[in-house]
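Got chain G sorted already, so can you dock chain F onto it with the hints?
Those protein sequence lines, which keep their order, are chains G and F.
Numbered as in numbering that gives the first Met the number 0, the first sequence ends at 669 without a single skipped number.
Numbered as in numbering that gives the first Met the number 0, the second sequence ends at 669 without a single skipped number.
Hints are supplied without guarantee of correctness; some may be wrong.
Chain copies aren't distinguished; within one or between two, either way the pair holds.
What the hints assert, rightly or not - When the alpha-carbon atoms are kept at most 27 Å apart in a straight line, the in silico DSS-like pairs for lysine-lysine are as follows:
{"id": "1", "residue 1": "LYS597", "residue 2": "LYS14"}
{"id": "2", "residue 1": "LYS597", "residue 2": "LYS65"}
{"id": "3", "residue 1": "LYS627", "residue 2": "LYS545"}
{"id": "4", "residue 1": "LYS627", "residue 2": "LYS459"}
{"id": "5", "residue 1": "LYS459", "residue 2": "LYS14"}
{"id": "6", "residue 1": "LYS459", "residue 2": "LYS545"}
{"id": "7", "residue 1": "LYS14", "residue 2": "LYS65"}
Derived from the structure by calculation, the hints contain no laboratory data.
Predicted model only: the values in this text are computed from it and were never measured.
These are the residues of each chain, in order.
Number of protein chains: 2
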Amino acid sequence: MTTSGMRDYLDGPYKAARDVVRAGLAADAELFDLAVTLPREDYRDRVLGLLERITAEGHPARGFPKEYGGGGDLGGFIAGFEMLAFGDLSLMVKAGVQFGLFAGAILHLGTERHHEEYLADAISGRLLGCFAMTETGHGSNVQALGTTATYDASTGEFVVHTPNPAARKDYIGNAARHGRMAAVFAQLVVGGESHGVHCLLVPIRSADGSPLPGVTLSDCGPKLGLNGVDNGRIVFDQVRVPREALLDRYAQVDAEGNYASEIENPDRRFFTMLGTLVQGRVSVGGAAINASKVALTIAIRYGARRRQFGAPGSAEEASLLDYRMHQRRLLPLLARTYALHFAQAELVDEFVRIFDRNNDKQPASGRVVEGEPASGRVEGQPGSGPVVEGEHDRRALEAQAAGTKAVGTWHATETIQACREACGGAGYLAENRLATLKADTDVFTTFEGDNTVLLQLVAKGLLTDYRESFGKLDPLGTARFIAAQAVEIAVEKASLRPLVERLRDAVPNRSDTADPDAGLRDDAYHSGMVRFREEHMLSGVARRLKAGIDAGDEPFDVFNRCQDHVIAAGRAHVDRVVLEAFQTAVQSAPEEIREQLKDIYDLHALATIESERAWYLEHGRLSPGRSKAITALVNELCAAVRPVAVDLVDAFGVPGAAVDVPMVVPSQHE
Amino acid sequence: MTTSGMRDYLDGPYKAARDVVRAGLAADAELFDLAVTLPREDYRDRVLGLLERITAEGHPARGFPKEYGGGGDLGGFIAGFEMLAFGDLSLMVKAGVQFGLFAGAILHLGTERHHEEYLADAISGRLLGCFAMTETGHGSNVQALGTTATYDASTGEFVVHTPNPAARKDYIGNAARHGRMAAVFAQLVVGGESHGVHCLLVPIRSADGSPLPGVTLSDCGPKLGLNGVDNGRIVFDQVRVPREALLDRYAQVDAEGNYASEIENPDRRFFTMLGTLVQGRVSVGGAAINASKVALTIAIRYGARRRQFGAPGSAEEASLLDYRMHQRRLLPLLARTYALHFAQAELVDEFVRIFDRNNDKQPASGRVVEGEPASGRVEGQPGSGPVVEGEHDRRALEAQAAGTKAVGTWHATETIQACREACGGAGYLAENRLATLKADTDVFTTFEGDNTVLLQLVAKGLLTDYRESFGKLDPLGTARFIAAQAVEIAVEKASLRPLVERLRDAVPNRSDTADPDAGLRDDAYHSGMVRFREEHMLSGVARRLKAGIDAGDEPFDVFNRCQDHVIAAGRAHVDRVVLEAFQTAVQSAPEEIREQLKDIYDLHALATIESERAWYLEHGRLSPGRSKAITALVNELCAAVRPVAVDLVDAFGVPGAAVDVPMVVPSQHE
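For reference, chain G alone in the conformation it holds in the complex (with noise of 0.2 Å):
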């Protein structure tokens, strides 16, 4: 293996959009020091300079449509921000506010006079803005917000209001100090009537910073991390915009006080809408990896140099990374975080794929498609009449996200949380950087959607598939589907498989054959262990949910008796689509990183079945000789990739500004 090849391949079709950030980032080697060091307010501003300053070196501006200033490069777009985490995690967290969110939200809920009016300078960062969802009272179930903005025909204004402390809009970046314009999500009210959530630009802040009439701004405080972005709350007091205020690309208020939508159903609409904004979940997936790679750069280099203890009677003290339980608490993460790079590759490839489509058919403006009738591959969703081309894919997509999202943050959680604690005391010294990164990427979990509520949202989008394909099998089919899943209860509460599957196990004896664990090395293998847990895990969910419909039992409460295996059933949905991800990206390897990056993958694979080992040997998928074999092979290939570990950090290509830090690299630093 060569680490430029490995890097080459891991760095992909946006290699130059990357090194464009990696380069900016090692001019600003200053910059991992603010965030411990500057006041709170001083740090915000020189965060907002570094906005400013990646703006004019025309970053952001790369994934906007040309003709307001953008590069039209969608993938290099999301490629180089996810690099910014290589960096501060304030700055990419403004930039997303900024860029992605508020400039998204003008771009995907706008239409043409918006773009005209706002995009140029939101994306030149002239407009500072704010995306304000989020109110104190209603996190996940935006559906709920209380903000109102109520249509006043006899003056054409929209009348923005928070009815209660509730609704107060909380947590949004960059209200504290620097946004001068909201994207403000409301209950739109017409003649009267609610239409549900829709988005309206909402000026908060004069010229000179002070807040607009009616508009009361505060701070959130110090919060654990990214206290480079100024994060704040908005409360609204009958605030007047006019009616051109409404992001109307799916639905329109004239000026008499008629509301039209091409959607009728209001929660296929609200999903629409929110739909666009998947952009922010793809990024966040992708900056926490990257930002594991930050922390195991640090902790396996660390873990190379620094010795400890050692052989009795040795001068010499061993490496830590020598240890096993040190090989044990970073390389299987070390593996994790290559295959959630190449899953995460896979649905930025497939977002620039929907949404470069649909910017095609629909430049700019991104209409929806009038008068097309519902296709029949969004059957059993709510509501009739046109759809948005792709809705089918859009929401697989915005599955994968979501999913993606969840277990990235949760791995980035995890990741750091390792790394910290196997670089001991250095690794709590804000010199070393990894304090940071863990105070910073904590809120990943949370933001652009709980981790635990996007998984539910992954399992009840594969049940509703399910459903589906259900719904179209003929009566005898259904009934052999019934029977087949019949069989497979039958099996196991018989006990027949755990034999059967014993028998089929047994793990030849080791010093008999030159490769014994062959099998458990196999591609095949891998792939059907993780598919039967996914399928599994879906259908009983399905006959749970079913049984308990069927008994007549509250719906609510059915759902809540069975919450921790739906999200069970997302997270095993997940690892499926990361492992086989992984699997494709070693058969596309070049032949001279292949082997190097099969051991990876295979790490990972074993790993992941391992971890999971309770349930296959619950569901008797494992005999526990190949359980406990397993868990041998899992240290074997620690071992093995151990001698590689700095090789394979080195390939994430993080910048030695980022990453030098004095436990590393302490003669740079004396």
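For chain F alone, kept in the frame of chain G given last:
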């Protein structure tokens, strides 16, 4: 159950000492904002001010002998110290450095002249000191420290020196700003011969705060948390101290340069000296458990108050804590916090018993019992000659302290993380305290002994016991023992037990009997399970180690191959001790709270078995059916505990000032 009854039971014999600290905290509400708003130097000085205040209130003195101004109440001292974890953790840690470590080293390693000269000043805070053990290049491996203290007989002085950058004292509390003297651990060299690590008192700062000649002090800079503690670095350049600076309880150097120690074996001497410092580990474990209580109080109150989504068609959203997943995230951690509370209380009792007994027999000077022959109870220990009385009990105490510290601090990290995530974005704001708790406690898993190293120590101690009891068996007994082991292995290999177990485990049809899970809630069942696991893992490790050595492999490699197994065995031991401490506590509880405590106990016991169910399945100790039944019962117990969850956290008695944060009690903050 009454909350006050539960609280009294939890407070136990040291209720008065706990209430003193509670009252102090309640008076100090402003304290909680200092950590995130004050510049670091000011924060450090404020924490010093608080240290002086609690000193004036007489809290730290409680734990020291009366002749030096103390109160002679070791148990109350530890209990009070643990309670400091309800407040600002920098204060807790700074108090630990000053009174537990610095004054503790003088008390336990010094002799009468040191006590007379320094102890009253150390206890009163007039003499602020450091505990200078850890070096940049040597954390866990204290025996390999590089700092030297070389006796110069010509002047009657020790020369303290830092021979290379790796020997720099690092992360030392009180070193950056306030410490005037340091208890320095160094290789003692007398007459050209090294006698291993000993401790000396070395002045480092003059009264005006400037470093003394030959002493270079620097600041570790900002940290993830605990920024109210002035951690720093110390480098010695041939610093001379008088011969009397040596803390000479266990080894003496006379004016002519003759070294003498009642403990001939250097390893044993070293571990005896370290062992006297066990109080630090006892205290940190207790503090971590109490920090978990604060986080759970906040998160569970928030979860009971906060509503999100809900039954379709219902106007009212459901409480977060009514969701199964939310219960799953928090309530098993609540149950484990109760378990650890009782395990910690047991540990403190044992600590008081051993150290108070020693104090009775060896007041103040606490000398070794000279001339006493080696006790049969320390058979198998290296070396010979007189031993410290109760050495065996002390080693057992050290292991128990190490295990409780490791498990308690990891528990705190996990619990506070879960609480933060369960409170979403609000949990990320400093005003709601979870952020600070998380950042401050994160290093607990590292300091006072890295947790993985500590669990290894626990397991090694047990393996030694194991070898001892093995050694005492007569030949026939040995043969039987081995045969029993062999049968055990054979049973597993033949997969006989899974079948036997499955038949025995057949869970009755749940609708048939009044209490179908009765067997699963049986204390004896739980004990049997955790004992089986502990014993099986220890014997398995012993077998693997023996096999490796018998095969002639390098001992280091043999050990390293088993390291994950060794650490898991240590963990299994601690899990068993904790579970049984909880059992005892339930049995001894007053009638009025016993039933409630039993529910929490059952939740803890079954969640513990559930978390290791893969292992039990692999070892034929759980059938798949029973394994699933346990998961189902954990869910049911979560639901059963949910209605009293708020009462159960209220019983911790965390003062309102520490937990009435804006997200929990918004009205107080508007």
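Now for the hints, and whether the structure bears them out:
Taking identical chains as interchangeable, the C-alpha atoms of LYS597 and LYS14 lie at most 27 Å apart only when both belong to the same chain, with a minimum of 23 Å there against 60 Å between chains. For a Cα distance limit of 27 Å, the shortest separation of LYS597 from LYS65 qualifies neither inside one copy, at 41 Å, nor across copies, at 67 Å. In this assembly of identical chains, the alpha carbons of LYS627 and LYS545 lie at most 27 Å apart only when taken from different copies (20 Å versus 36 Å within one copy). Proximity of LYS627 to LYS459 under the C-alpha cut-off of 27 Å is restricted to the inter-copy arrangement: shortest distance 23 Å between copies versus 34 Å within a copy.
Taking the closest pair of Cα atoms, LYS459 and LYS14 never come within 27 Å of each other, the shortest separation being 36 Å inside a single copy and 51 Å across copies. Within a single copy, LYS459 and LYS545 get their C-alpha atoms as close as 14 Å, which meets the 27 Å cut-off; across copies the closest is 52 Å, which misses it. Taking the shortest alpha-carbon separations for LYS14 and LYS65, only the intra-copy value of 21 Å comes in at or below 27 Å, while the best inter-copy value is 71 Å.
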